[in-house]
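Assemble the complex: chain E is given as a structure, and chain P must be docked to it using the hints.
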Amino acid sequence: MQLDSLLSILPELNKAFFETIYMVGISIVIAIVVGLPTGVLLFVTDKGLFMENTAFKNIVGFIVNMVRSIPFIILLIALLPLANLITGTTIGPTAASVSLSVAAIPFFARMVEQSLREIDKGVIEAAVAVGASPWMIIKDVLVPEAKPGIVQGITITVISLVAYSAMAGIVGGGGVGDLAIRFGYYRYDNTVMFTTVIILICLVQIFQFAGDRIARLVDKR
Amino acid sequence: MIEIKDLVKVYETKKGRVTGVDQVSLKVEKGEIFGIVGYSGAGKSSLIRCLNLLETPTSGEIKIDGLSLTSLGKKELRQARLKIGMIFQHFHLVSSKTVYENIAFALKAAHKTKSEIDARVKELLDMVGLTDKRDVYPSQLSGGQKQRVGIARALANNPSVLLCDEATSALDPSTTKSILSLLKKINKELGLTIVLITHEMEVVKDICDRMAVMQDGKVIEEGKVYDLFSNPQQPLTKDFINSILQFELPEKLLKERNGKIIKIYFQGSIAEESVISDVFQQFKVKGNILHGKIEYIQETPLGIFVMELTGSPLEIERAIHYITDRTRNLEVIRDAA
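Chains E and P, in that order, give the protein sequences.
Residues in the first sequence are numbered consecutively from 1, following the UniProt record's numbering.
Residues in the second sequence are numbered consecutively from 1, following the UniProt record's numbering.
Bear in mind the hints are in silico, worked out from the structure with no lab data behind them.
Keep in mind the model is a prediction, meaning the values are calculated, not measured.
Hints may be right or wrong, so weigh each one.
What the hints assert, rightly or not - In the DSBU-like style, the derived pairs of lysine-lysine whose C-alpha atoms are separated by at most 30 Å in a straight line are:
(1) P:K252 with E:K139
(2) P:K97 with E:K121
(3) E:K139 with P:K30
(4) P:K5 with P:K30
(5) E:K121 with P:K112
(6) E:K147 with P:K133
(7) P:K255 with E:K220
(8) P:K122 with P:K133
(9) P:K75 with E:K139
(10) P:K30 with P:K97
(11) E:K121 with P:K114
(12) P:K83 with E:K121
(13) P:K218 with P:K255
(14) E:K47 with P:K5
Just chain E, with the same shape it has in the complex (with noise of 0.2 Å):
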């Protein structure tokens, strides 16, 4: 009976399983692409630093601070305009990563700055003395220096991504998350439930193991 309700939700699963990484996949790409080079401007804008700039800093800070407070649910039912801006629809997974990439980004931007935070001063301002271009301090000294923090920052995304996903079902986004709380949770299923948080552990423990090998690997400290 139990087996024979798993295995018929087992094409849903699976299409939930691709739905998740699909979700994932393009608000983590996004998150990167615009978080990183707003993580960047928000260290290199600080106090004492080679493009110092008080004005943009406190803007822009401002800014990931207001999106970051909002609830993410909130942020996914209010942001459906932009999401029909952008995708032409409001349900499903593409939909719903746009809600996903608006919340990752300043998520992922912070935990930039942060990284790059770590950098030893004095390296920074070694490559200042030399002559270097800002562009060039950033993509030969900050960039790689902050790599395994940046890699570590990442993979907090892509788990913060894999919870917040869950949530994607309100809009109709799909995903494991989605299918742990229609079938499991509002059924009364828990051989679902079980399964679907079961894939859900295995996943967050495989991106957190593949994180945490990949930012050893780029640390040459």
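Positioned in the frame of chain E, the structure of chain P alone reads:
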């Protein structure tokens, strides 16, 4: 070569305004090694960091090779910095880059081509003796080796000036010696002007031509290293020089002696003359050497002796007069008891 005029650097801190550098004016000649000494907090670090504008001076002017750095725009300043090398106490190498990449970075900043970079890095590694460490990461190098990479990076674009910010302070004595001799070699072979700051008088004694002493943000004494060693004027300068010459006499010894105690400086060629034996032949005094040392500062001897003179007061007076005449530098530490 380097002209510092009325340089002032004020820091705004939570506790109020702190003057790091206070109205400093200095001139460093082309090809010389200029040392700035002072205790920590004296402002020497602020001063050297103002020289390539890592710190923006509050007021004053800095000219290097006739170019006024303080008036440059961002881009021009970067251009100027290519010609001002700098090395640091903690080396500040990029840990995620190999030795080769660390040095190549400076050349990339000067927009050199790949083949130019390859050739120049090879030359530099050869000069600092690290050819076999080309593809190694900094974490696998010793302190001395890291500083050599730092030197190679600083010299990559053939600068006219090298700034050394406590470059040997984190190294052990024998590594310090080898880094200093490398700096000296570079100075001689390339005619590079070197400005260094340090709290170690050994460093100044070993390689500097001229020096300045800083206290509370001000330069309190300045001159040829030899002159300052043989004839320091300010108490702080004397302190520094004593720290290396170590001329403290034990209290007990002073108590037991009852003759007149004098300190004689023999400078340059006088150190090679037989002043002391002449004194004993000409005057009826007896001498007893309590302490003595001959230092070689850039191959010029500086002899310092502490002696007790006994005999009749008149003979002692005459002897002192005679020594003062010949050495021009005699200090009475204590009169006869």
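Each hint, compared with the structure:
| no. | hint | in the structure |
| --- | --- | --- |
| 1 | P:K252 with E:K139 | violated (65 Å) |
| 2 | P:K97 with E:K121 | holds (16 Å) |
| 3 | E:K139 with P:K30 | violated (36 Å) |
| 4 | P:K5 with P:K30 | holds (17 Å) |
| 5 | E:K121 with P:K112 | holds (26 Å) |
| 6 | E:K147 with P:K133 | holds (23 Å) |
| 7 | P:K255 with E:K220 | violated (62 Å) |
| 8 | P:K122 with P:K133 | holds (11 Å) |
| 9 | P:K75 with E:K139 | holds (18 Å) |
| 10 | P:K30 with P:K97 | violated (34 Å) |
| 11 | E:K121 with P:K114 | holds (28 Å) |
| 12 | P:K83 with E:K121 | holds (22 Å) |
| 13 | P:K218 with P:K255 | violated (39 Å) |
| 14 | E:K47 with P:K5 | holds (27 Å) |
Figure legend: structure checked against the earlier numbered hints; hints not met, in rising order: 1, 3, 7, 10 and 13.
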